[in-house]
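S.K.: Generate the whole structure from the sequences, applying the supplied hints.
Listed here are the chains, written in short residue letters.
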Amino acid sequence: MKAIDWITQVLEMAAALAAAPVFLGWVNQCRAWLQNRRAPSLWLPYRNLHKLFHKEAVIAQNASPLFRIAPYVVFGAMVLAAGIIPSMGTRLPLVVSADAIALVGLFAAARVFMTLAAMDVGTAFGTLGARREMMVGFLAEPALLMVIFVASLISSSTALPVITEHLVSGHLGLSPSLAFSAVAFILVLLAENARIPVDNPATHLELTMIHEAMVLEYSARHLALMEWAAQLKLFNYVCIGFALFLPWGVATGHIGPEGLLVAIPALAVKLAAAGVALSLIETVSAKMRVMRIPEFLGTAFLFAVLGLLVHVLLRT
Amino acid sequence: MELVLLLGFPVLGAALLGITGAHRRAPEINAALSLATFLASCALTVRVIRHGNLLLGDEQFFIDPFNVFLVALTAFVGLTTSLFSRPYMRVELDHGRLTSGRLRLYHSMYQLFMFTMLLALTTNNMGLMWVAMEGATLSTVLLVTLYRTPGSLEAGWKYFILCGVGIAQALFGTILLYVAAEKVLGAQGMTALLWTHLDAVKTQLEPTVLALAFVFLLIGYGTKVGLVPLHSWLPDAHAEGPTPISAVLSGLLLNVALYAVVRSKVLVEGSLHSRLPSMLLMGFGLVSVVLASLLLWRQRDIKRLFAYSSIEHMGIATFAFGMGGPIANFAALLHMTVHSLTKSSIFFTAGHAAQKTGTQVMEHIRGLITLSPTVGWGLMLGSLAILGLPPFGVFTSEFLILTTAMREQPWATPILLAALAVAFAAIFSKVQPMVFGETSGRRLPHAPALLPVFTHLAIVLLLGLYIPPYLAHWYRAAAHLIGGG
Amino acid sequence: MTTTFPSLLTGCVALLCGWVLVGLAGLLRPESVRFAGRTLFTLGAALGLGLAALAGASLLSGGIERLILPIGLPELPLHLRLDPLSSLFLFLLGASSFGISVFAGGYFREGEGTAPGLLCLQYHLFLASMGGVLLANDAYGFLVAWEVMALSSYFLVTTQHRLPEIRRAGFLYLLMAHVGALCLLLCFGVLQGGSWLFTFHAMRAAHLSPGWAAAAFLLALVGFGAKAGLVPLHVWLPDAHPAAPSPVSALMSGVMLKTAVYGMLRVGLDLLGRPVWWWGLAPLILGLFTIFYGVLFAAVQTDMKRLLAYSSVENIGIVFAGIGLTIVFAGSGMKAVAALALLATLYHCLNHAFMKSLLFLGTGSVLHATGERNLGRLGGLIHRMPWVAWLTLIGTLAIAGIPPLNGFVSEWLLLQSFLFAGRLPHAFVNLLIPMGMALLVLGAALAGYVMVKFYGIIFLGQPREASLARAHDCGWLERVGLLWLALGCLALGLFPLQVIRALGAVTAQLIGAVVPQASPHWWLLAPVPGRPVSYGPLVFLTATTAVVLLTVLVVRLTYRQRVRRGPAWDCGFGAVTARMQDTAEGFGQPIRHLFQPFFEIERQLPEPADREPRYRIAIRERIWRLLYEPISAAVDRLANTAARVQQGRISVYLLYSFATLLVLLAVALIS
Amino acid sequence: MTHLPLGQQLLDTCAALLLLLSFAMLSQRRVVTLVNLYAAQGAVLAAATLLLAWRTGEEHLYVSAALTLVLKVAFLPWLLHRLIRRLGVYWDTEPLLKVSGTMLAGLVIVVFAFSLAQPITRLASTDTRSAIGIAVSVVLLAFLMMITRRKAMSQVVGFLSMENGVFFGAMSASYGMPMVVELGVALDVLVAVLVLGVFFFQIRERFDSLDLHHLETLKERD
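Residue numbers (my numbering), protein chains in the order written: chain A, 1282 to 1597; chain B, 553 to 1037; chain C, 6 to 676; chain D, 7 to 228.
Simulated from the structure, these hints should not be mistaken for lab results. Hints may contain errors.
Claimed, not checked - Sample of chain B residues facing chain C (criterion: CB under 7 Å; computed from the structure):
{"#": "1", "residue": "594"}
{"#": "2", "residue": "850"}
{"#": "3", "residue": "988"}
{"#": "4", "residue": "991"}
Don't be surprised by glycine CBs; every beta carbon is placed ideally from N, CA and C.
M.R.: Okay, here's the thing in structure tokens:
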């Protein structure tokens, strides 16, 4: 275990922490441009967080300790996830003890705590949001796992870095199974990060919202952590996407500074592109009715399974 | 000597109670005589186990493990039943369902019945066996109609006519047997009906005639076993007679009849080289099991319910005898034992339950366990035992029978499986609410003396967990005698 | 073949007898809760701990011990055998029963139907008979113990026999159990292969024709499946488990179902020798279906214990899928993967024993504190009963498969064995495997949904009834019980490597292969050699906690704003009442909506003009109308036909005899 | 065999008479006549037994002949007549099966019975063996009669005549059974009839008629 590996490890987490809000800002900017609005500043998310952290926290009378623990757990989970996903380097010490399945488990943990916290105060909207979040989750999680499994069947490992390395060494072209799962992954990404068409991050109409409804009762630092966690989640998902489908530029093998010198800009470019693509999707598509969401995710799940089957069929 | 006592006590009892049956102490006399009979049977058993088979009374009586075990069983159940009937009949008397005159009839007939059964078991002479069986019918007819209610009269009439006709066929069968045997054993008629001699020469007997003889005997004695479709008298007789009689009917009479059937099967199978007798027995057995379990499904009367279950179990035993072979025979004998013990104990408890609640209709019997825990648990455990749940002995025999069937007659196992499942559902769905659940009645002041019930259940439990070696040896010897397979 | 004195086995037998004695002791003072309840149950718990210790020792030693007691059938004395497989399940029994018994010691009170003494007897007979099932080495002993188990648990289920629905539940349970047992009986009848020796030893030796072997396997599947609650034989389970007192539900769900699994493994992988690959398809497909079915119905339940019962069905599905997978692999000669699948199966059995017992006990405490089983009348209990709430949370997260708890480990292992199935020689199975994986994952995710619903509605939010304000936390005995099980969940989650080493003996016994440890580290689970696949729960946990603590620290240090308590915001709607929260029905609504075809729903919607609008919804299983009602109807019809035979007229009866006579005579003449 | 010895011929005539009587009983609806016919049957039986005893010289046959005479010709008919008078049952109601139909069935049965008797006849050593078939058919005809009758009384007569048939079977197949058995049988029959007598009165006092359709309440079909 080299020191340099640990450095990369920490670096990745730090980078994720730093980059997540900017990325969100970037997406919002692109969206504003695409919709001919004056774009908010790229740094707006930062200011938001800063502001929130400085406020006085108000907590409902009947909130239990769980309510106060949840933001930290969710945030922690997301940071850890950032440490598992090979966004820049693949030699991550943590990865040994947490593979992709564990990663999904981590997301699940975050989701469970979030929903429990949402139910804790016992308001109408909280429980409503929790229910919807779980509804999204129980379809999105399997879909995500299936997507990962396709890749891990190809590279016969469930550890993301291994997968990435195997793909980078890419003697295989774009396999059809991966194409299927790519489509599935994009759908999952939209749903999991409360983006249009599944949820509208900018909405203030309670009856339609999912993620917002869950964090309604939070304020100040707790809210800040939740928001930041959400941004991290988006960032992580995008990075997973990179690791599975656009692994190029990631510093594989034994990396020194030179590897990073390639990896960081590569990541930046990919992020920028992803931001544009995301905002594009969000602009062209319209928010759908809540009960349509399962169909949407069902499609994603189906695509992922199809990818798996295609893989098996082609292999045998 | 023991034999004389064995047969003497009941005759004596019949006479004695015929005179003094109305006496206040009559029940005790009855019990005492039964006890004496039981002791005699024990002595006989010991002797047979010690010195092997016995031929007594210039060959008119023959005792081997097969029938001595039934003798012991009969005497034992006879004893416990007499113990049970002591308080029971008293209460009946108090309720005014009986007059003291009838009680006298009851007691003397009870002893006479025991006598006829013991005679049928111990005699070596197929003809005498027939006579004894007929005698058993006659004495029980009087017992079944003891209450003189329309129902009991009808039941008695059916019982009489059907069994009478049946028994007549049996007589004809016996004659044919005689004819066939005479050919071989020579015309000096005396020996030609003695089972031992027949058994000795069974291979030389003329097959066709023996086949016909077997059919007649099967129809005749089968009617008393209650094999479907000759069973029609059985539920009525069980339901309408006094409970102790229901107990001995299905606990003993059926066994004795089955004994007769098996004896004749042994002879016939010896001479016939076809599997006809086995097939017939298996067929009858299966039909009985299936039909009985279906009829169990829609019973309302508690005693009828268990009467049908007797048909079912006799069917199982018959099927096992039909399969033949050491294990199946062993299992069948065991099944006869445990069934008669369990079923009689069930009838005891059912009788008490009916007496307490004043009805035999199951819808009106509820929450026995609160009314009187002993009766409740007795009924529950008894039913579970009869349904073949371990650790009770019925399970042991069914285990052996079913596993054997799985190897020997796989085609039969699905039928048996379905039938047993239906029977289980039918009986248990009716017993459970009777034992458990809310009851309108209040708890009874005194718990009834259920010593017989729990003795029986204890023995059955023992047989389920541990069959003492000498007992096992005894069964095995009997099973070997029946041979077959 | 050990020639030495079977000390461990003798010890186990002694402990089982001890249980029986403890039970009988209950009859000394049947009415006294203090004696029968507190003292005896804790005593029984101690025995359980001893059993766990012995079984653990034998598991680690991996040896085989035999013992023959001179009871039972004449030719067939009672054979006993302690091998890795049985010792594993004995360990499961002992360990989880310790927690449950301790809890039960504090649980039973007056006026719970049956007298405590009698309960004590039935309870300990139940425990002892389960032990007997695991130790028996001949068909007869096995079946006797098996049925005694069913019987004693039946009496435990019908403790409150005054309620008709509980009687119904008990009846259904015993009926299914009995039918299953009959199937097992026939199965053994086949297995003994004409040797007429009913010892398992003889059965291993017997050579069966393929047809007979398959028949035996299917009979075993039906018999054990009926006990385990494999769809469609599960119908008794959701009724029986809620009907029983909670510790009993815990035992039934946590341990009894596992005895069925044990039997399945014993017959399928041990007695039948080397299995044929396609046998595995039946348990695999049924198992996968069961997973999905069980979790769907769990999601729409409104009774907390029913919900848990259905979740047990789901977990049994996972286990049977694992068994099926094992058999498919073993039958195709892929020992390594087979061992992995088997490992996952066994691991899941252990996990489920602890998780589900914990949850059932939790519901038990809630039930005692509130007298409510209906989720619609609970809520906010985390404030009133913190102990129960927090300990139950562990179970909830574990069964939802959240790392680093134990539920995740077994699912992880199972997924690995699915993933690395590699190329099977049968195309159909090759396609089945990914599907199976998908169903498994979907089931796991849905389980998360179910568990959030379960926990959130019971413990979080606002109390939905005023009476809940009087709820109190459980007593110390109960706490100990819960704590033990929770610690079990944690340990199983954090030290998978050690557990797997212990399980190695079992896989070696059944498959002839052990799951290797590919990594040098004691804390790192790497079951697939040559493949970089690993999972280190300890590291995982430390990392998570580290990050969380760091965050807390940083936030605390940088920002010192105080926290103020105020009324709930709820978008300023004000006046939030408990009635405005989501109900259990509401929480299940998406599932109900999505998977409508599975349910038989009857709704009662309010009229527009209703003065006091009522909304009622009842959900039944279609299985009833598709399978069971037709059967009973058919029997009814048959019974009516049969009744015609018995039609009262003596001439007709005579005619029967006459006809029979003539027919038989004809037969006799012809033959 | 063109010309049989006289005794043989007589025996065959008796057998034929028995069969005839059975048919007569089958068709007969007047209970009193039925009993008379039964008595006649008994008489014929006794005669046959006597003949047989005389030809074979088996003395125990004399005893059984005497027994038959006393029991079946004198006592039982007397008893039955007395019962009839006491209970006032003179007519049986219309039988369940039309007489003509019964007759037809009877014929079929006789044919069957004879084919049935073949093997036995082949086996039997007695020179009365030709009559075995008749014995069997008497039994079966009695059975048929019991099925078709509605009055308890006529059923009993049927039962008794069935017993006659059996007895005749024993006679013709093997010159009767061992003495013990025959005594036992006779005793049983006697007791049976006595019991029945008791029965009649009980049934009568319950249902004030001996019509069997009163005895059809215990059944499963509803």
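S.K.: Against this structure, judge whether each hint is valid.
M.R.: Hints, verified against the model:
For residue 594(B), the suggested interface contact is broken, since its CB lies about 21 Å from the closest CB of chain C, more than 7 Å. About 5 Å separates the beta-carbon of residue 850(B) from the nearest beta-carbon of chain C, less than 7 Å, and the hint is met. Hint status for residue 988(B) relative to chain C: holds, with the closest Cβ pair at about 4 Å, below 7 Å. A hinted interface residue such as residue 991(B) counts as satisfied when its beta carbon comes closer than 7 Å to some beta carbon of chain C; here the least separation is about 10 Å, so the hint is violated.
Consistency with the previously given hints fails for numbers 1, 4, ordered from lowest to highest.
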